[in-house]
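> Going line by line, the protein sequences match chains Z and X. First residue of the first sequence: 1, per the working numbering; consecutive thereafter. First residue of the second sequence: 1, per the working numbering; consecutive thereafter.
Please keep in mind that the hints were generated in silico from the structure rather than gathered at the bench. A quick note: this is a predicted structure, and the numbers were derived from the prediction, not measured. Quick reminder that beta carbons are idealized off the backbone N, C-alpha and C, glycines included. Certain hints may be false.
Said to hold, decoys possible - Computed far set for chain Z versus chain X, every beta-carbon distance over 12 Å:
#1 Lys38
#2 Asn39
#3 Asp40
#4 Glu41
#5 Ile42
As the list claims (entries may be wrong) - What the simulated footprint calls covered on chain X by chain Z, stretch by stretch (three residues with Cβ under 8 Å from a Cβ of chain Z suffice, anywhere in the stretch; the number is not a length):
#6 85-98
#7 131-142
#8 148-157
Claimed, not checked - EDC-like mimics (lysine to aspartate or glutamate), calculated; alpha carbons at most 16 Å apart, straight line:
#9 Lys151/X <-> Asp115/Z
#10 Lys22/Z <-> Glu145/X
#11 Lys21/X <-> Glu144/Z
#12 Lys38/Z <-> Asp79/Z
#13 Lys38/Z <-> Glu18/Z
#14 Lys38/X <-> Asp74/X
Protein chains: 2
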Amino acid sequence: MKNNTRSQDLFYLNRALELAKKGAQQLAGGPFGCVIVKNDEIIGEGHNEVLGSHDPTAHAEVVAIRRACAQLNDFQLSDCTVYATCEPCPMCLGALYWARPARIVYACTREEAADIGFDDAFIYREIDIDPAQRSLPATHVPMEEASSFMKSWGEQESKSMY
Amino acid sequence: MKNNTRSQDLFYLNRALELAKKGAQQLAGGPFGCVIVKNDEIIGEGHNEVLGSHDPTAHAEVVAIRRACAQLNDFQLSDCTVYATCEPCPMCLGALYWARPARIVYACTREEAADIGFDDAFIYREIDIDPAQRSLPATHVPMEEASSFMKSWGEQESKSMY
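Build out the structure end to end from the sequences listed, making use of the hints.
If you want it as structure tokens, here you go:
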């Protein structure tokens, strides 16, 4: 049935939507689901669990990334496709950049998330503002010892990157 | 000793640096630490654990947020200050927006992270690019059923937000 990319995309987006509905019904969190696929097989999936777990990082994409990485025993999602019912928020997009899948497919947009009260679009706008001027202000306190530690860590020949 | 904000900031940044050094020494992950403080008390802390846990989301800030929220039994970090040895990457900054602490204090910058090979500055630049044009491409596949589910979820009077 999944004889081309378009029908494959819709197949897995439908599975993500199923998860979103399940999570919402269980009051686990917001109405979001995510499925991660490698070689036409689901290797990790999840729905938002922020309310149930009291974990603000438990968005559907983060939950699915953690499960898929545990499944692969790897911190990289090489050659994977990530299906999300809604455009990833900046946290989830950042998580996806660190996990490095091949591509992302999403159904609803950040504007649709904003329309039902979520901060995604707001956070996207905040990111571009100077850290000290944001609504969540970030203060830069330079520390010579922290800078020199980072630098010496970077100079190690044996360091592992991720 | 911690008789003003500046000395308090340096006190907790030093603790975060201690954690960063410990994590690096244990090869748990990159050279990053984080401490979350409420009412002059540490309620959650951690260092990067990406390598040890095979979890690309296990940055110091995310680890500390999850622990602090578990400690408070709440998905919000109201009135907390977050101390990080390095400017939060977009994933961690997004996580902080969802957790809503009062402020962030950091020592090293995203440029210092880039200098030792981390993608923070690169991801900050990518976020502003149209999703379909990014180096990690995101394809929008609109789905009427997903949009109408989000919308009807948003119309519930009893919905919990986070």
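> The structure should be examined with respect to each hint, and the outcome stated for every one.
Here's how the hints hold up against the structure:
1. With a closest Cβ-Cβ approach of about 15 Å to chain X, lysine 38/Z is found to remain outside the 12 Å limit, as its non-interface label requires.
2. Interface exclusion of asparagine 39/Z from chain X stands, the closest Cβ pair being 19 Å apart, more than 12 Å.
3. The claim that aspartate 40/Z is not at the interface with chain X holds, since no C-beta of that chain comes within 12 Å of its own (minimum 17 Å).
4. Non-interface call for glutamate 41/Z relative to chain X: holds, since the shortest CB-CB distance, roughly 19 Å, exceeds 12 Å.
5. The claim that isoleucine 42/Z is not at the interface with chain X holds, since no C-beta of that chain comes within 12 Å of its own (minimum 17 Å).
6. Here's how the segment 85-98 of chain X fares: 14 of its residues keep a CB closer than 8 Å to some CB of chain Z, so the rule of at least three is met and the hint holds.
7. Against chain Z, the segment 131-142 of chain X contributes 8 residues with a C-beta closer than 8 Å to a partner C-beta. That satisfies the three-residue criterion, and the hint holds.
8. Look at the segment 148-157 of chain X against chain Z: 5 of its residues bring a Cβ nearer than 8 Å to a Cβ of that chain, three or more, so the hint holds.
9. Using a Cα cut-off of 16 Å, the hinted pair lysine 151/X and aspartate 115/Z holds, with the two alpha carbons roughly 8 Å apart.
10. Between lysine 22/Z and glutamate 145/X the CA atoms are separated by roughly 15 Å; this keeps the pair inside 16 Å, and the hint holds.
11. Annotation: proposed proximity of lysine 21/X to glutamate 144/Z holds, straight-line Cα distance about 15 Å (limit 16 Å).
12. Taken as a hint, the lysine 38/Z and aspartate 79/Z pair is honoured in the structure, with Cα atoms around 6 Å apart against an allowance of 16 Å.
13. About 19 Å separates the Cα atoms of lysine 38/Z and glutamate 18/Z, which puts this hinted pair outside 16 Å; it is violated.
14. Among the hinted pairs, lysine 38/X with aspartate 74/X is consistent with the structure: their alpha-carbon atoms are about 13 Å apart, no more than 16 Å.
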